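Trainee: Sequence:
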Amino acid sequence: MIRHLVLFRLNEGVRQDEPRVQAGARAFAELGGKVPETLSWECGWNITDRPIAYDFAINSAVADAAALTAYLEHPEHRAAVALWAEFATWVIADLEI
Numbered sequence: 031m032i033r034h035l036v037l038f039r040l041n042e043g044v045r046q047d048e049p050r051v052q053a054g055a056r057a058f059a060e061l062g063g064k065v066p067e068t069l070s071w072e073c074g075w076n077i078t079d080r081p082i083a084y085d086f087a088i089n090s091a092v093a094d095a096a097a098l099t100a101y102l103e104h105p106e107h108r109a110a111v112a113l114w115a116e117f118a119t120w121v122i123a124d125l126e127i
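All letters in the sequence shown, in the order written, are residues 31 to 127 by our numbering.
These are computed hints drawn from the structure, not numbers from a lab. Heads up, none of these hints are tricks.
Listed next, with one range per pair, are the computed distances between beta-carbon atoms:
| # | residue 1 | residue 2 | range |
| --- | --- | --- | --- |
| 1 | Asn-89 | Ala-53 | 15 to 23 Å |
| 2 | Glu-106 | Gly-74 | 12 to 20 Å |
| 3 | Arg-45 | Arg-108 | 20 to 28 Å |
| 4 | Ser-70 | Val-111 | 14 to 22 Å |
| 5 | Thr-78 | Asp-47 | 13 to 21 Å |
| 6 | Leu-125 | Arg-39 | 19 to 27 Å |
| 7 | Pro-49 | Ile-127 | 31 to 39 Å |
| 8 | Glu-106 | Asp-79 | 29 to 37 Å |
| 9 | Thr-99 | Thr-119 | 20 to 28 Å |
| 10 | Ile-82 | Leu-125 | 19 to 27 Å |
| 11 | Asp-124 | Gly-74 | 18 to 26 Å |
Derived lysine to aspartate or glutamate pairs resembling DMTMM-like cross-links, with alpha carbons at most 20 Å apart:
| # | residue 1 | residue 2 |
| --- | --- | --- |
| 12 | Lys-64 | Glu-106 |
| 13 | Lys-64 | Asp-94 |
| 14 | Lys-64 | Glu-103 |
Just so we're clear, the structure is a prediction, and the values are computed from it rather than from any experiment. No residue lacks a Cβ here, since even glycine has one placed at the ideal position from N, Cα and C.
Sequences and hints are given; from them, build the entire structure.
Mentor: This is the structure we're talking about:
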């Protein structure tokens, strides 16, 4: 199984309450149920006020490398990523669990 972790940081001057940011958060909140390869799906806003913290996170799991590729190429995933590309940067880690 592969754990797929993504941490997002809003770009300078972008606020969490902006409509485009809220649309992006909704897109990811709904994504786990739209991509059959996901075995688990959690996402949400950071709740601590620490300078090293990122703003939004996704914690998900897929069965294997083929499932991860299918998830990454899924049209709903690509659409959600396109929204976030307008207002955030991110880092990822994919690890065997």
